[in-house]
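For reference, the chains in residue letters:
Protein chains: 2
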Amino acid sequence: LTDMYRSRNASHPTIIDRVDPVIWSDHGHCPMITAEDEKFYEKNGFLFLKNVFSDGEIAKLRREAGLVENSDPTDEEVISEPGNDEVRSVFRVHDKSDVFSKLISDDRLVAIAEHFLDDDVYIHQSRVNFKPAFKGKEFFWHSDFETWHTEDGMPRMRALSMSITLTDNSAHNGPLMLIPGSHKKFISCVGETPDQNYKNSLKIQEIGTPDQKNLSEMVDKNGIVAPVGPAGSVLIFECNTLHGSGNNITPYPRSNLFFVYNAMSNRLVAPFGGTKPRPNFLATRKDIVPVRSGRQKIQAAE
Amino acid sequence: LTDMYRSRNASHPTIIDRVDPVIWSDHGHCPMITAEDEKFYEKNGFLFLKNVFSDGEIAKLRREAGLVENSDPTDEEVISEPGNDEVRSVFRVHDKSDVFSKLISDDRLVAIAEHFLDDDVYIHQSRVNFKPAFKGKEFFWHSDFETWHTEDGMPRMRALSMSITLTDNSAHNGPLMLIPGSHKKFISCVGETPDQNYKNSLKIQEIGTPDQKNLSEMVDKNGIVAPVGPAGSVLIFECNTLHGSGNNITPYPRSNLFFVYNAMSNRLVAPFGGTKPRPNFLATRKDIVPVRSGRQKIQAAE
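Keeping their order, the protein sequence lines are chains A and B. Per this note's numbering, the very first residue in the first sequence carries number 21; after that it's consecutive. Per this note's numbering, the very first residue in the second sequence carries number 21; after that it's consecutive.
For the record, the hints were derived by calculation from the structure and aren't laboratory data. A hint or two may mislead.
Pairs count within a copy or across copies, as identical chains cannot be separated in the list.
[Claimed, not checked] Keeping only pairs whose Cα atoms sit at most 20 Å apart, straight-line, the calculated EDC-like set for lysine to aspartate or glutamate is:
(1) Lys155 - Glu237
(2) Lys205 - Glu62
(3) Lys223 - Glu101
(4) Lys155 - Asp231
Just so we're clear, the structure is a prediction, and the values are computed from it rather than from any experiment.
Extracted from the complex, chain A is given alone in its bound form (with noise of 0.2 Å):
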């Protein structure tokens, strides 16, 4: 399998264009959104879509995110923040939750991710980021296609994260930001992995982050985009889309659930940056079941 997306071979960090198209389907549009929606989502590399989740649907996952929040905190899979004890982050919460296991399979999420990616579709991964009231620490910007390529394995750009908003998401509490039109070129890192780089970099990634220059040019001319709304959105963004976010001191905790959708034709094969794979929770690559099995795409509008 070629390397398309070669990163952190090098002693300097070089742009490389997209060669895969951002949505992949070319028979309509997806009757869950609107076209403009659409051309948004292929230009930006994202799409914000408010009020997707009831009260009362949201009422239930933030108690299925508390459980898992108090998981053992001895368990790999449960990450703390850097410097203090709070949850930073829960993996796997698929598995860990009859409710989130349910939810991957809603129309309302995986018939957008099917018509994006055009195959069935499985979950790479998924977590709950917290994001804690007072203490809560930044995600600096990254690709995340630049890891799941380079230490997971991922051939090519077809996966994409869905983020439903579990509390309200402000200005002040530290927003996912992204940068438009970001997801058009991959940045190739400069640094090589260390052997289990993961245990460093679910708490603060320095391994696989865009240099300061190329990611100075790309915000002077795109700009950054924080969406912010209440509880029950969901933030749609494309596996390459640059994103991060500021830290938390407000007493509003910023508490996002994420489902990665990888296309079935995408699975992992060995990690392009030649390291050990990464464990499962990170990165599916056992047991991998599409989630619609019998692939009871909606119809697509023409």
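Knowing the structure of chain A, use the given hints to seat chain B on it.
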């Protein structure tokens, strides 16, 4: 002198009502601002004035800020970020630069300070907070007065800060956040002051910060405001207004120049917390001169 605002002396936080006026003057309003501005400041504890300084003036002020940023890093008046070597703050900048020295007596600043405090004023503290691009760290919520009273011996709430934005302050680069109305309550904090506390607190303040319960209640009631605007704006905030700011992962520094004006009648006495006074660069105690010796006050509007 009676201690009207005891702090760091009890095992539980308490709330004390403010006994001091917010605007000390009772003769009309200051002609530099509108009557509405003054009412807003009285009620909210801050006032944001856009485009006070021209682009040319700001270019000059930024040059000066660059010079003081590159002063001797072993100087104790130059504070680096926690965890990296970027310059976080430089203190006593009005003594380090002729430009800043002149600026403290600019009528666009000092006339408002004199009116609000109804007295001759002097510089209690001056600094630049650089909040560097990519790496600038947060300032946790605090009342400046809590520290100035407890560690510096400032008797009453008769001081204010003027922050001049040297770069654009956006929603994304860690703008100053304030809790409107918080200046009318004093949160008496818990925790003894360690020796030479300032050596840590200028990087990460952990002593003299409000407790999570009172902070949450205040924010639930009054919300959070983060004034944003172009370089050349001025944020005036009362010495007891709770404020803080998040970190900055954007490519744009958020650098602000701060002058703290205190009323001549409110000069420092022995620290109310019983500790040794902090150095003069943090809290002017020696060689105090009013900013305008002749008290050339602008005629107040009636």
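Which numbered hints turn out to be false for this structure? Nothing - there is no hint that the structure violates, so all of them hold.
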